[in-house]
Each structure stands twice: as structure tokens, then as C-alpha cells.
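A.B. asks: Chains as they are written, first to last, in numbering that gives the first Met the number 0: chain A, 0 to 233; chain B, 0 to 233.
Please keep in mind that the hints were generated in silico from the structure rather than gathered at the bench.
It is possible that part of the hints are untrue.
Copies of the same chain look alike in the list, so a pair counts if it works inside one copy or between any two.
Simulated crosslink set (DSSO-like; lysine-lysine; CA at most 27 Å straight-line) [to be verified]:
id, residue 1, residue 2
1, Lys185, Lys21
2, Lys83, Lys185
3, Lys40, Lys185
4, Lys40, Lys194
There are 2 protein chains.
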Amino acid sequence: MIFRQLYDEETSTYTYLIGDEKTKEAVLVDPVIEQVERDLKLIQELGLTLRYCLETHIHADHITGTGKLRELTGCEGIAPENAKIICANRLMKDGEIFKLGDIEIKAIATLGHTDSHNSYLVNGDRVLTGDSLLIRGCGRTDFQSGNPGLMYDHVTQKLFTISDETLVYPGHDYRGYMVSTIGEEKQYNPRFVGKNRESFIAQMNNLNLPNPNKIAEAVPANQKCGEVESMAKI
Amino acid sequence: MIFRQLYDEETSTYTYLIGDEKTKEAVLVDPVIEQVERDLKLIQELGLTLRYCLETHIHADHITGTGKLRELTGCEGIAPENAKIICANRLMKDGEIFKLGDIEIKAIATLGHTDSHNSYLVNGDRVLTGDSLLIRGCGRTDFQSGNPGLMYDHVTQKLFTISDETLVYPGHDYRGYMVSTIGEEKQYNPRFVGKNRESFIAQMNNLNLPNPNKIAEAVPANQKCGEVESMAKI
Chain A
0 MIFRQLYDEE TSTYTYLIGD EKTKEAVLVD PVIEQVERDL KLIQELGLTL
50 RYCLETHIHA DHITGTGKLR ELTGCEGIAP ENAKIICANR LMKDGEIFKL
100 GDIEIKAIAT LGHTDSHNSY LVNGDRVLTG DSLLIRGCGR TDFQSGNPGL
150 MYDHVTQKLF TISDETLVYP GHDYRGYMVS TIGEEKQYNP RFVGKNRESF
200 IAQMNNLNLP NPNKIAEAVP ANQKCGEVES MAKI
Chain B
0 MIFRQLYDEE TSTYTYLIGD EKTKEAVLVD PVIEQVERDL KLIQELGLTL
50 RYCLETHIHA DHITGTGKLR ELTGCEGIAP ENAKIICANR LMKDGEIFKL
100 GDIEIKAIAT LGHTDSHNSY LVNGDRVLTG DSLLIRGCGR TDFQSGNPGL
150 MYDHVTQKLF TISDETLVYP GHDYRGYMVS TIGEEKQYNP RFVGKNRESF
200 IAQMNNLNLP NPNKIAEAVP ANQKCGEVES MAKI
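Pulled out of the complex, with its shape left as it was, chain A reads as follows:
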């Protein structure tokens, strides 16, 4: 398997490129519109063909690259079940498995940051957690139908029950961490350690964070796979 983590500095977003070495098919998870040229160049240099863009959820902080990539390559856009992404070619529900050559990508519905959100377990040894579990943190739950109780339930019951050695690759990081493990997060994530459901909810309801800069533009654009009206055709 080819596996590459890529970073968008403006929004601290991680995009993941997964490629099957035999079929040369590739999927991009959570691409960012400003990085489409970089990502396509790398895919081409690695001898891969982009077949799918996979979203963990409808992002509020950046515009997805999926629409642009689909236009340029003919790839399919895949989104979580119940995501209000009217343009998705396919939806993935909890537990559904998606094959890319020999690679197995399993959707794990991890709600709470938004009301439709998948983590993706790749070949059983690494999980892309989007904006649910972050490294020593978690996604906020105070807009876009966020729900701190569901965040607590799904992280502790669905992610923390995967084996401790599983690598955790988040959708964002703001402190320079790239990867963690389930074992580490169970032991050291300050949002969860020593918290029960009630105290976790109280904590999340008192973060008082400002809205992301791009929320007004990003959410409606991402519901249309990143097709923004101001976007020049390329």
C-alpha cells in the first residue's frame, strides 16, 4: 500500500493519499481545494490513477477538493451516510467496507462533530479519524448539529475499542503532531481521560470557540462537493 499524509498549512488540514500498488488505483481522503494541483501531481508521479475522493464529513473550515478533482479526473465522490452532500456518487454507512484493489477501507460512523461523520479504518491497522478523535484532542461539537454526547459515545465505544496499536491519523492538527495510536489516546487524551459522559458534555459546551473563518462559505460549498459559484473553471 502507498500511504501519504499531506498537510494544508492555512487550515491545518491533513489529506491522505492511499494507493494500491497492484491496481495503481488511488483514493484521496479529505482533499483541500487549494491543494488539488499538488495532490494530482503527486498521484501522477507515483504512477497512480485517482478513482475516488472520500470525505469524513462536511467540513466547516475548508472547501473540499472533491468537486474540482472529479471535474479534472472523472473520479467518484464518496461521503458518509446522511451527509447532506447532494452531489456524492456514493454514500458509506457504518460498518460498510470499500475495497481499493487489495486495500480494505471500513467506515466507522463517529458522530458528534457533525451529524454525519465517518472514520475510516484502513487495512485494520490505521484509522483516519477526521474531526472526531484528534491527537490529544477532539473535534468541536458546537455547530453543524454537533452533539457532545454522541462524540463521547462514539469515540469511547467505537474508536477506543479498536486495538491499542492502531495508528490514529486525524483530520487536523494544530501543534505539529502527525500520528498517534489508539492506546496513547486512551491513556493521554485530556478531553477523555478522567471524564464520564456528563463531564465530557459539560467540557465541550464550555469551550467558547470562535467560528472558523470560512464556515459561511465552506459548509454550503461542501454540500455541493466544493463547487463554489466564484470558482473559475480550470
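Given the coordinates of chain A, assemble chain B onto it according to the supplied hints.
C.D. replies: Just chain B, lined up with the frame of chain A:
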């Protein structure tokens, strides 16, 4: 082996944490002074003990965390042979091998960015290239006794001759790439592809880059392992 790549966003610097799972000894390669607390916390959480800080070279764009880490942990500072780092506990020359438990770290002198610079080949399958070979780029050669001819010779003769599958982990990246391979860089690095020694030198002599913001402060501080006069004792 525990292997973690860490990022300092202000200076786009990568620090590498390498830990031996048996002895629990750890080395930090190219730590950044502002990230010392983050790095020590992670080392502690992973159950490791910091034994060494390893420098690829005297940095001009950030101040090393080595002095502060040595003061806090009693670890040793290791620098490349000929580096004018008066405080180093030990120097590593070209070809020298350093063992951390079962992990083998081999110095490969890759000059050109500065007149003392080591890349480090870790367990034969990944090379930390500092500011010599970068992903689709290379370090500048226009200050600190830089030498574009040596950069060309050492990258093409010493790094491009390692096996194609070897992972390349650079000292910096400015576009969101984290890792590459020797094979990819031989095929796609625009600084080297289609260039001979002469055209490479001409290219490097015409980059006309501004000096790094911190050069006046960083170089003398790094010659003393990051012990800056204005640094408050912690």
C-alpha cells in the same frame, strides 16, 4: 522502533523522535527550542528516556532545542564532524554508526548547504536528510560556507545511490509533503533532474533568496547548542 515526525509551523521544521522499544532510549533529531515542552511530554508519554539530541547541521532559520533539552534531561548533544558547535558532547563523522538499543543510525556527510552536515540513515530503510535533499527540492547553498558543487556531488553520489525504496525524511517542507523516497527524488526532483554539475551550480547561484529571519540570532546560538543569552532558565 518508535518513529515520530513532528512539525514546527513557524519555521516549517521537522523534528524526528526515534525510540528503541526494548531499552526505551530515545534520540531527538533537530529539535526546535520553542517545541521542547511538546517533545519532552511526548517522550514521557511514550515511556521513553531522552539520551541524545542529534543535529544534522548548524541551522540558520531556527534555534536548536538541544541546549535546553540537555539542561532539563542530562541528554548528550551530538553534531556532525567539523561543525563549529563548541558545546557538542560528541561528533559524528562520515560513515560512523551510532547505536540506540537495536537501532542503527549511520552518518552520511552531505555537505553543500553548510560546510558540516550529516544525513542519518536509520536502520537502513529511511534517511533523515536535514537541509541537503528536500522533497522535490534541496537546501540553499548561498550562506554559511554553502557550496553548490558539493551539494550536487553528495546528493547524487551519496544519497541517490541508496536503494530507491529508502524513505526520505527532510529537515523542512514548505508545501505539506512529509515523506518521499530516494527513487521518487531521483526521478522527479526538479533541482536535479536534467541537470549536470555545472547547470546545478548555475541554478543554485541564481536563486536570489532573502536571508532567513532568524539567521543573525540562530547561527551563533546554535554554535552553542541553542544557549541564547536572552533565554530565561526554566
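A.B. asks: Taking the hints in turn, state whether each one holds.
C.D. replies: Quick rundown of the hints versus the structure:
For a Cα distance limit of 27 Å, the shortest separation of lysine 185 from lysine 21 across copies, 22 Å, qualifies, whereas the shortest one inside one copy, 35 Å, does not. Taking the shortest alpha-carbon separations for lysine 83 and lysine 185, neither the intra-copy value of 31 Å nor the inter-copy value of 44 Å comes in at or below 27 Å. Only between protomers do lysine 40 and lysine 185 lie at most 27 Å apart by alpha-carbon distance; the minimum there is 16 Å, versus 37 Å within a single protomer. For the identical chains of this complex, lysine 40 and lysine 194 are inter-copy neighbours only, at 21 Å across copies versus 44 Å inside a copy, given an alpha-carbon limit of 27 Å.
When held up to the earlier numbered hints, the structure conflicts with hint 2 and nothing else.
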